[in-house]
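Q: Chains as they are written, first to last, in full-length UniProt numbering: chain E, 1 to 447; chain R, 1 to 325.
These are computed hints drawn from the structure, not numbers from a lab. Check before you lean on any hint, since a few could be wrong.
Between beta-carbon pairs, the in silico distance windows are [claimed, not checked]:
| no. | chain 1 | residue 1 | chain 2 | residue 2 | range |
| --- | --- | --- | --- | --- | --- |
| 1 | R | V86 | E | G369 | 47 to 57 Å |
| 2 | R | T96 | E | W290 | 35 to 45 Å |
| 3 | R | L254 | E | D241 | 48 to 58 Å |
| 4 | R | V112 | E | E195 | 39 to 49 Å |
| 5 | R | V112 | E | W290 | 44 to 54 Å |
| 6 | R | L177 | E | Y262 | 20 to 30 Å |
| 7 | E | N66 | R | V86 | 41 to 51 Å |
| 8 | R | G156 | E | N97 | 33 to 43 Å |
Heads up, the beta-carbon is just placed ideally off N, CA and C, and yes, glycines get one too.
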Amino acid sequence: MRTRAPHRAAVATAAALALALPLGACGAPQAVDAETAATARGPITIWYSNNPQEVAWGEQMVAAWNAAHPDEPVRAQEIPAGTSSEAVLSASITAGNAPCLVFNTSPAAVPEFERQGGLVDLDTLPPGEDGQTATDYVTARSGDLAEQYASEDGHFRQLPWKSNPVMVLYDKEAFAAAGLDPEDPPLGTYDELLETARTIVGSGAAPNGLYPSPSSQFFQPWFDFYPFYAAQTGGTQLVEDGRPTFDDADGEAVFDLWRTMYAEGLSSPEIYNGDAFADGAAAMSMAGPWAVAAYTDTVDWGVVPVPTAEGTPADETWSFSDAKNIALYSACENRATAWDLARFATSEEQDRLLLEMTGQMPLRSDLLGTYPDWFAENPAYVPFAEQAARTVEVPNVTSSTKVWQAFRNAWSAGVIFRSEPVGQALDEASSDVADLVSADAARGERS
Amino acid sequence: MSARTSQATPRPAAAPPRHAAGDGGERPASGLRRVLGRQPLGGLFAAPYLLFVLAVFAVPLVFAVYMAFHDYFFAAPGADVDRPFVGLDNFAAVLTDPAVQRSFLNVAIFLVINVPLTVVLALVLAVALDAPMRGLSFFRAAYYVPYITSSVAVVGVWLFLFGGDGLVNRVLGPLGLVPDPSWLVNSSWAMPMIAVFVTWKQLGFYILLYLAALQAVPKELHESASVDGAGRLRRFWSVTVPGVRPATFLVVLLSTVVGANLFTEPYLLTGGGGPDGASSTPVLLLYQRGIEQNEPGEAAAIGLVLVVLVLAVSLINRRVVGGDR
Numbered sequence: 001m002r003t004r005a006p007h008r009a010a011v012a013t014a015a016a017l018a019l020a021l022p023l024g025a026c027g028a029p030q031a032v033d034a035e036t037a038a039t040a041r042g043p044i045t046i047w048y049s050n051n052p053q054e055v056a057w058g059e060q061m062v063a064a065w066n067a068a069h070p071d072e073p074v075r076a077q078e079i080p081a082g083t084s085s086e087a088v089l090s091a092s093i094t095a096g097n098a099p100c101l102v103f104n105t106s107p108a109a110v111p112e113f114e115r116q117g118g119l120v121d122l123d124t125l126p127p128g129e130d131g132q133t134a135t136d137y138v139t140a141r142s143g144d145l146a147e148q149y150a151s152e153d154g155h156f157r158q159l160p161w162k163s164n165p166v167m168v169l170y171d172k173e174a175f176a177a178a179g180l181d182p183e184d185p186p187l188g189t190y191d192e193l194l195e196t197a198r199t200i201v202g203s204g205a206a207p208n209g210l211y212p213s214p215s216s217q218f219f220q221p222w223f224d225f226y227p228f229y230a231a232q233t234g235g236t237q238l239v240e241d242g243r244p245t246f247d248d249a250d251g252e253a254v255f256d257l258w259r260t261m262y263a264e265g266l267s268s269p270e271i272y273n274g275d276a277f278a279d280g281a282a283a284m285s286m287a288g289p290w291a292v293a294a295y296t297d298t299v300d301w302g303v304v305p306v307p308t309a310e311g312t313p314a315d316e317t318w319s320f321s322d323a324k325n326i327a328l329y330s331a332c333e334n335r336a337t338a339w340d341l342a343r344f345a346t347s348e349e350q351d352r353l354l355l356e357m358t359g360q361m362p363l364r365s366d367l368l369g370t371y372p373d374w375f376a377e378n379p380a381y382v383p384f385a386e387q388a389a390r391t392v393e394v395p396n397v398t399s400s401t402k403v404w405q406a407f408r409n410a411w412s413a414g415v416i417f418r419s420e421p422v423g424q425a426l427d428e429a430s431s432d433v434a435d436l437v438s439a440d441a442a443r444g445e446r447s
Numbered sequence: 001m002s003a004r005t006s007q008a009t010p011r012p013a014a015a016p017p018r019h020a021a022g023d024g025g026e027r028p029a030s031g032l033r034r035v036l037g038r039q040p041l042g043g044l045f046a047a048p049y050l051l052f053v054l055a056v057f058a059v060p061l062v063f064a065v066y067m068a069f070h071d072y073f074f075a076a077p078g079a080d081v082d083r084p085f086v087g088l089d090n091f092a093a094v095l096t097d098p099a100v101q102r103s104f105l106n107v108a109i110f111l112v113i114n115v116p117l118t119v120v121l122a123l124v125l126a127v128a129l130d131a132p133m134r135g136l137s138f139f140r141a142a143y144y145v146p147y148i149t150s151s152v153a154v155v156g157v158w159l160f161l162f163g164g165d166g167l168v169n170r171v172l173g174p175l176g177l178v179p180d181p182s183w184l185v186n187s188s189w190a191m192p193m194i195a196v197f198v199t200w201k202q203l204g205f206y207i208l209l210y211l212a213a214l215q216a217v218p219k220e221l222h223e224s225a226s227v228d229g230a231g232r233l234r235r236f237w238s239v240t241v242p243g244v245r246p247a248t249f250l251v252v253l254l255s256t257v258v259g260a261n262l263f264t265e266p267y268l269l270t271g272g273g274g275p276d277g278a279s280s281t282p283v284l285l286l287y288q289r290g291i292e293q294n295e296p297g298e299a300a301a302i303g304l305v306l307v308v309l310v311l312a313v314s315l316i317n318r319r320v321v322g323g324d325r
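Isolated chain R, as found in the complex:
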């Protein structure tokens, strides 16, 4: 079983040398060539994407750092405005603000529920959808539909399902399983409900990632494990799970980043972070402070704290889940 997987892919005998004669062979490169590299057109082709990354990510991030250290606000061109340097004041203001602290706690609760649930459900469902069965295409599409459906529309459905007079309460009511207040206005249940909602909505995408990863797990490994007497569960645990470990790292990383940026669901599903701030998130506050209240300095400070925390969590994820990859 290991013979095949460890076998190196043979190089074609007729593979061209790394430095073809026409490319200058082993001669020292000219000054221009040294700057432009062997494929100058490559730099040009990469430029549009690099421009996109610079304009949409790098420049705003640098500008956010600038705003976070100033009493900044958006103003008309040519307006005579004062935006003094304030050092760490914005950070001090947001980190001592109970609403901001609550929002970070809320998003931590969200991630603790959402990420493991996403990994487990996506992997299990991907394995199920990888097996030959009737209606396979239908099921694959069915799990993907929520992912591509507008959040606004889906939120409407969940309000119908989990409202006080919703379908879920009508079913669970006679069993005495309905919380009071109801799910979305219950400070203990609001954030878990959002975590479950987001898990369900995003699941199709992560199933797709796992389905792709499952194709790379050699069938011979399963056959060998079967021959050695491993049952279905043992094969799943000892062959499938290690085999899709890179995909698991990607799923954990993406669901963490997406979850940390949670905005739409608390904005729509719980009326702007309700009940009483129990489902507010850093990005929701960032929107309130930066866009609604024109305090981009505080908003940038919240954003930078979030970036640092997400990076820290991602590094931990990499160490725990990523292994040596």
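Next comes chain E alone, as it looks inside the complex:
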């Protein structure tokens, strides 16, 4: 009996493999021939974000395309649910089943997707009927802002689509209750911001001044440090020319500001289970134009540019873009159709519909001049449209996620929980980021 056990195990293993091998063969992903795909036309699939406004915009855009192009039908769906859109997209790249276009590709994820071989260099696609190459088209639509979305080789692997420039929203009722002028709030400099927050918390108008998420995820600096750093430096990226930029007086000023906010209890280190601004747990919030629709019925809000240490005129203040772009994925077999659709979806007409239906800013140069009547009818969006012209993007480095995680860890230690002095946290973050960027460069040279 005992001696026969291995035989049974062998039989079961053989049967299992007999079942598994055909299944594995069926599911084995195949690489797409890039040369053939570049000019191929036919049915394609696209994914877009799952928020109701963008779904509605996407549905009408696809319906308009399909009506005009019955031979090149587009099938659209929301990005499948996952821990994050980036994790889902990375998995789909690896599995070889990514859609042709994703209308929600984070610029921070693009370098990694590029390293995975998951994205198409848009300049490899044939020029459009107007003779414009992808670079021509991107530059013509987005102007100077387009430059920061180019890969290291100067080519585009993402079509800059829309931004949500981050500004400071404030609750007019809370400001009035604290004795502050809600129509002209003192929020121009760091001293004014601190004093305003102290007044609000001290008066009991709200338990916190600003309440960005204190959690450790890599993307959280985009809503506390980075808008302030962009404003303070006049649009400097976290990494420029292969070197971290933030270990200087400007970076230290932002660290010191926020450290004071946490130390004096003007911001909370605790996770808030909900929307702190909507719930009245904070009198101010870092938000983009999506907030117009989100808060109109719940908060009487005003908006100002991000403060700087000495104060900067509104029309010279920079911020973080919080952009989402369109990328063409290498699993796509009909790339000519996909590129045509990308251009169609970013046409002047569709961009206007995007504005109307989502309130988000198309990444176009001269946004206000392109849609003057719409902004006249919707003045709440004007500050965000003005800010959209002065936005800084995340650096286009391969280790982007690791860079931001290293930075966030230092921010947690030096600012939120104050287990390290600011100088030490800045040094450590700068050193870690420099190592990561150098490793990227070394890896790039090897390959």
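Please build the complex by placing chain R on the supplied structure of chain E, with the hints as guidance.
A: Chain R in isolation, oriented as in the chain E frame:
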């Protein structure tokens, strides 16, 4: 008392012989039969589960070993990528990383609190729920509800309870018993809080295991002990505890393995391992490195170190708790 327990179960007189005539009796098995065994269908029926184990556990584990020794990253099919062999570099990188070292220390703290607390509370509550009482079904269900409730929902409740302005602080505040900073953002309290949370959430399942084990403890043993003058506490210690020892080993083993794989609670309850890494865990870092940062080589190295440590702890548990079973 020992007469009954040591009594062997009599074999039915008419039990069929182990090798029935129709099965070939004592004749030498044919070559095919030798390979397929006496019950060839058994292998076929076992195949789906074996396939599951191979696909979900064995193949990924072998692949993780491969990734841990290479500069591996996930790439599109057909992509021209370089994934060189790097020897022990990934292991050296993660084992010298202070964040990884901290995460292993954190999970050790978690296990030191969670495992004993789980064993003691589950056993005591199982004994209580094994006694006849009013509302027994209600209490049994009540302890089981947290186990089957979504972690996301339960975490919301704990944030409400243990937040700075939460219910617990409002009660303890006047007594001067609130730590500063508050529980979940206090580097000394964050991990113990998670350990208590997980103990509470998982308790229903372990109570169930002990309840099943208690049914196998002969009542005669308790009666005999009572006759010999043992009180309730003495009977619990001398009869119940030894009687459920196999269940205790299972509880220790499962709570160790589940605890070592801690992810959801630090991800949600303390904002991704906060404050300042005080509640980060190896699996949380594994997720960050492998999924978010596309460094599966380092993630696999962390995973393999974790596997080895959990195996070592389990072997110690077996020696200490498992006895000769």
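Q: Now, for every hint given, state plainly whether the structure supports it.
A: Hint check:
1. Our hint of 47 to 57 Å for V86/R and G369/E holds, since their Cβ atoms are close to 54 Å apart.
2. A hinted range of 35 to 45 Å for the beta carbons of T96/R and W290/E is consistent with their spacing of about 43 Å.
3. Distance hint check for L254/R and D241/E: the Cβ-Cβ separation is about 53 Å, which falls inside the suggested range of 48 to 58 Å.
4. Against the hinted window of 39 to 49 Å, the Cβ-Cβ separation of V112/R and E195/E comes to about 47 Å, which satisfies the hint.
5. For the pair V112/R and W290/E, the supplied restraint of 44 to 54 Å holds, since their beta-carbon distance comes to about 45 Å.
6. In this structure the supplied range 20 to 30 Å holds for L177/R paired with Y262/E, their Cβ-Cβ distance being about 24 Å.
7. Restraint check, N66/E to V86/R: a C-beta distance of roughly 49 Å satisfies the suggested window 41 to 51 Å.
8. Separated by about 34 Å at the C-beta atoms, G156/R and N97/E satisfy the suggested range of 33 to 43 Å.
Hint violations for this structure: none, all hints satisfied.
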